[in-house]
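Trainee: So the chains spell out like this:
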Amino acid sequence: MTREARLDPATETALAALIVVLADNKYFLGRRLSEWAVGAPTLESAVACAALAQEELGHTRPLYSFLAQLEAPGAPVALEHDDDRERTYCLSYLRQRFPSWPYAAAALFLADTALTIMLQGLENGEHAVLRRRASRLIADEPTHAKFALGRIRELAACSSQPALQAALAELLPETLCWFGPAGEPGVNLLRSAGYVSHDNEQLRQQLLDRIAPSLHEAGLPIGIQWNDHGQRWEYPALPWERWSSLERCTETQARTPTT
Amino acid sequence: MSSRPTPESLREALAEISDPEYPISIVDLGLVRGVTVHESTATVQIAFCSLGCPCIELIVEDIEQRLLEVPGIDRVEVEEVFERWTRSDISPDGLKGLRQIGVA
Amino acid sequence: MDDTDDTEILERIGAGKLVERPEHANERYREGLKRTLIVSGDTELISAPSYLRAAQHAPRIQSYISVIGIIQDELGHAHIAYRMLRDLGVDTDALIYERKPHEFCHPYAFDVPLESWHELVVANAFYDRAGFVLLSDIFQHTSYGPWKRALVKVDREETFHLRHGERWMRTLAADPDEKPSLQGAVDWMFIMTLEWFGLPDRLKRHGDQLSFGLKGLSNDELRQKWLGTCVPFCESIGIDVPAHHDPETDTYVIDCPFPSEFDEDEKRWLLEDGPIEWDQVLVRWKRRGPANEEFVRSLQAGRRELADALG
Chain D
1 MTREARLDPA TETALAALIV VLADNKYFLG RRLSEWAVGA PTLESAVACA ALAQEELGHT
61 RPLYSFLAQL EAPGAPVALE HDDDRERTYC LSYLRQRFPS WPYAAAALFL ADTALTIMLQ
121 GLENGEHAVL RRRASRLIAD EPTHAKFALG RIRELAACSS QPALQAALAE LLPETLCWFG
181 PAGEPGVNLL RSAGYVSHDN EQLRQQLLDR IAPSLHEAGL PIGIQWNDHG QRWEYPALPW
241 ERWSSLERCT ETQARTPTT
Chain F
260 MSSRPTPESL REALAEISDP EYPISIVDLG LVRGVTVHES TATVQIAFCS LGCPCIELIV
320 EDIEQRLLEV PGIDRVEVEE VFERWTRSDI SPDGLKGLRQ IGVA
Chain R
364 MDDTDDTEIL ERIGAGKLVE RPEHANERYR EGLKRTLIVS GDTELISAPS YLRAAQHAPR
424 IQSYISVIGI IQDELGHAHI AYRMLRDLGV DTDALIYERK PHEFCHPYAF DVPLESWHEL
484 VVANAFYDRA GFVLLSDIFQ HTSYGPWKRA LVKVDREETF HLRHGERWMR TLAADPDEKP
544 SLQGAVDWMF IMTLEWFGLP DRLKRHGDQL SFGLKGLSND ELRQKWLGTC VPFCESIGID
604 VPAHHDPETD TYVIDCPFPS EFDEDEKRWL LEDGPIEWDQ VLVRWKRRGP ANEEFVRSLQ
664 AGRRELADAL G
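Those protein sequence lines, which keep their order, are chains D, F and R. At position 176 of the first sequence (counting the first as 1) the number is 176 in my numbering, and the numbers step up by one without a gap. In short: position in the second sequence from 1, add 259, done, that's my numbering. In short: position in the third sequence from 1, add 363, done, that's my numbering.
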């Protein structure tokens, strides 16, 4: 990197791992959204899915190019196709076609919000290049978040409510796991270098701050309670036994081939 | 014998490339953020209106093709800088062009 | 306005005035306009599943983004046409989501699936060019004000699609490994697009469409317009097409039996069997092509799912 001092190898590896996770998730989220340019329940939604897909896919460029500039040994290559690499680092539910429109809305709402929170962690960090790139990506996010929340509200108020709630219940645990267990060594390195502003549990709480009130408001109980005493969101036990900290997904579906 | 290419002469060449959708040049649109020449290699720094712009491949190839036509250039590198683009990056000439087709 | 008499509407159009609101026209005009808008909307809409399927062959993610951008444009254009239909009193939800696949009014060409990147970029260069020719004609000649204004944007976006197609065709044609596949795509898609423009003028009465100012040029004139840019482009990149310019008449002459029968499985024109009658073409069109059902169903999938949830 030009303007940054050379990182120590362990921090560099941790940074590369974080960036590839963000990029791969954006890549697959973009692919999945693009599939709903055909088949969304309204033309307006189809147009929006096409537009958001282009942006999510476009967001991979600043991330993958950063990764390339890091020149970390063994760093993964940029994805041009789903099967370019043996291993990808992405939420399991983004790896194959969303089976229904309510599922698509739930997946977009959760994954998009989680990615934005992680990017905000970088934007608030001290790595100048990453700060700028993260902030460029975040600038596109309000439109995405607005579209996702709009669909959640719409579906929660119609006969698709059960399907939506089921999808949210299925996808939320993995999304919460995505920030990683407390005290991950790689994250600790990035935090002590000042590149990430918060620890995993703080980020997880930020995600819940962002989604829980809207979901409650839309009448979608998802088993998340605000603990006034502890000033935190309480969530059910997470499936850590199935969590792959390497690929950042729950393992049951991690190897499902993409279509 | 033509003179050696300079950043200015390359910029003039770039000003001939129009955006794939709007009839104004990529220079007037404010996409070109830097031009350098080193021996026979031209490097163009470019920002796109949006990260999700569908015209990126077209624009990059247009730049490569046009600059390779400049005598003395046999290598072109297009480097995307991830700077933000806003409407205020459009030149006065560019705005005039856009107004003429009713989009500004 | 008197719905049985065309005098008033024809006078208005004859005076070069635009019809600004549906109630400024009579029933016959509105029906003609609706038919034209449905064909236009359906054609834009059906290109989305066709292009999306072929986009899976994109060589790079950036090429894929380009196609998704093109699809977004096409959906937007369809939306424009359907919105105008809604203003004309058509139930567009039913039109889009409840019609049976064979009731859609897009050209037969879009019922034949695109199965490679080569075919996709030829579609951008040929089909989108046909769309461009047809819409430019409407833009220049339509007597319906709302459509004329909406088409400014459409025209600009179709220019990008066309450039995308031409750029890729040029690239593939310059690569000896890719050129044969490109030529193969052109071999069936060129004639397919010729057919798109429909019955020749000697067989087709344009009556209402021309006198009501819903279009300006006849089928043969539009076909010539398409040939006028498509043939020189293909020649410039060393791709063979069965048509040439005749300097005597300054028109393009088709150098193969036309129309002819199409083998849908092989994607091949049975030129060796010689020309067929347009009646036979109409039979094939009415039967619709191999991907008709798949494409329409995929467009309607999300809506059908919601309807099922309603039980």
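If you are wondering where the hints come from, they were derived from the structure by calculation, not from laboratory data. Just so you know, not all the hints are guaranteed correct.
[As the list claims (entries may be wrong)] DEER-style ranges, computed between Cβ atoms:
no.	chain 1	residue 1	chain 2	residue 2	range
1	D	Val129	R	Lys463	50 to 58 angstroms
2	R	Asp540	F	Gly361	18 to 26 angstroms
3	R	Thr522	F	Lys355	17 to 25 angstroms
4	D	Glu154	R	Thr522	31 to 39 angstroms
5	D	Val77	R	Glu394	56 to 64 angstroms
6	R	His504	F	Glu298	49 to 57 angstroms
7	D	Arg232	F	Thr300	52 to 60 angstroms
8	F	Glu336	D	Val77	31 to 39 angstroms
9	R	Arg660	D	Pro185	45 to 53 angstroms
10	F	Gln359	R	Lys463	32 to 40 angstroms
11	D	Arg97	R	Thr522	31 to 39 angstroms
We treat Cβ as the ideally placed atom computed from N, Cα and C, and that holds for glycine.
Trainee: None of the hints should be skipped; say for each whether it holds.
Mentor: So, going through the hints one by one against the coordinates:
no.	hint	result
1	D:Val129 with R:Lys463: 50 to 58 angstroms	holds, 55 angstroms
2	R:Asp540 with F:Gly361: 18 to 26 angstroms	violated, 44 angstroms
3	R:Thr522 with F:Lys355: 17 to 25 angstroms	holds, 20 angstroms
4	D:Glu154 with R:Thr522: 31 to 39 angstroms	holds, 35 angstroms
5	D:Val77 with R:Glu394: 56 to 64 angstroms	holds, 57 angstroms
6	R:His504 with F:Glu298: 49 to 57 angstroms	holds, 55 angstroms
7	D:Arg232 with F:Thr300: 52 to 60 angstroms	holds, 56 angstroms
8	F:Glu336 with D:Val77: 31 to 39 angstroms	violated, 20 angstroms
9	R:Arg660 with D:Pro185: 45 to 53 angstroms	holds, 50 angstroms
10	F:Gln359 with R:Lys463: 32 to 40 angstroms	violated, 46 angstroms
11	D:Arg97 with R:Thr522: 31 to 39 angstroms	holds, 33 angstroms
Going down the numbered hints, you'll see the structure goes against 2, 8, 10, while the others check out.
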